[in-house]
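Chemist: Sequence:
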Amino acid sequence: MSEFKLTTVEEFEQATNRLLETGAKVGADAWQFRVKNQTPHCKFGEEGVCCRICTMGPCRITPKAPRGICGCDVHGIVGRNFLRFTAGGSATHSDHGREICHTLYESSADGNYKVKDPEKLFRIAKEWDIETEGKDLYDLAHEVAVTGLMEYGKPFGTQRFLKRAPEHTQEIWEREEIAPHAIDREVSRSMHMTHMGCSSKPEALIRQSLRSGLSDGWGGS
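Residue 588 is where the sequence shown starts when you use this note's numbering, and the numbers rise one by one after that.
Honestly, the hints are just simulated from the structure, not real lab data. One thing to keep in mind: the hints can contain errors.
Unchecked claim - Only pairs whose alpha carbons sit at most 30 Å apart, straight line, appear in this in silico DSS-like list of lysine-lysine:
1) K722 x K750
2) K703 x K713
3) K741 x K713
4) K623 x K612
5) K651 x K788
6) K623 x K701
7) K788 x K741
Nothing here was measured: the structure is a model prediction, and the numbers come from that model.
Produce the complete structure using the sequences and hints provided.
Modeler: Have a look at this one:
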């Protein structure tokens, strides 16, 4: 059997078109068809100037109505929408790491899950300042797993993996006060800030978007 490889954009497009043609023959749907059915898109939604967060709305910003019922202007509404998108992405992507930590915690010498790369386990443990000397492999695995899970909701400090960033980048995060504390904390804070009656300052909302994004991008990857 010959090895099938796609190496250029043209080859990918040709393969995609063949797949769509084959799918169409059996009645399979695809996003390329669905997007056509959704156009033209809602102008308010496309520009991010509509808000459905509270029960007094939905509100849409126009020259005639420059503020929502809560008093939030276009900048605050766009900031809220953007922050919620960011928080949703951080929660979704970082949760894969949580599952890995849970799986590592369930590992054992005679169980279904085993540590296949002890060297990597010891390397992460040392990076996280976990004592490794004289410890059973699976006792260490469980300790690393718990420490990893604490990165999602620990009450104090900032995330451990931030130290992997270049030092000048860490300095910027600290100076701008966007170094994330824990993944779940930043997601929860994002939902708090965007809820009805809470933050409407775009600067604060965008700053939290950066913090929430970093919690997954650096802290949870």
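Chemist: Would you pick out the hints that fail for this structure and give their numbers low to high?
Modeler: 6
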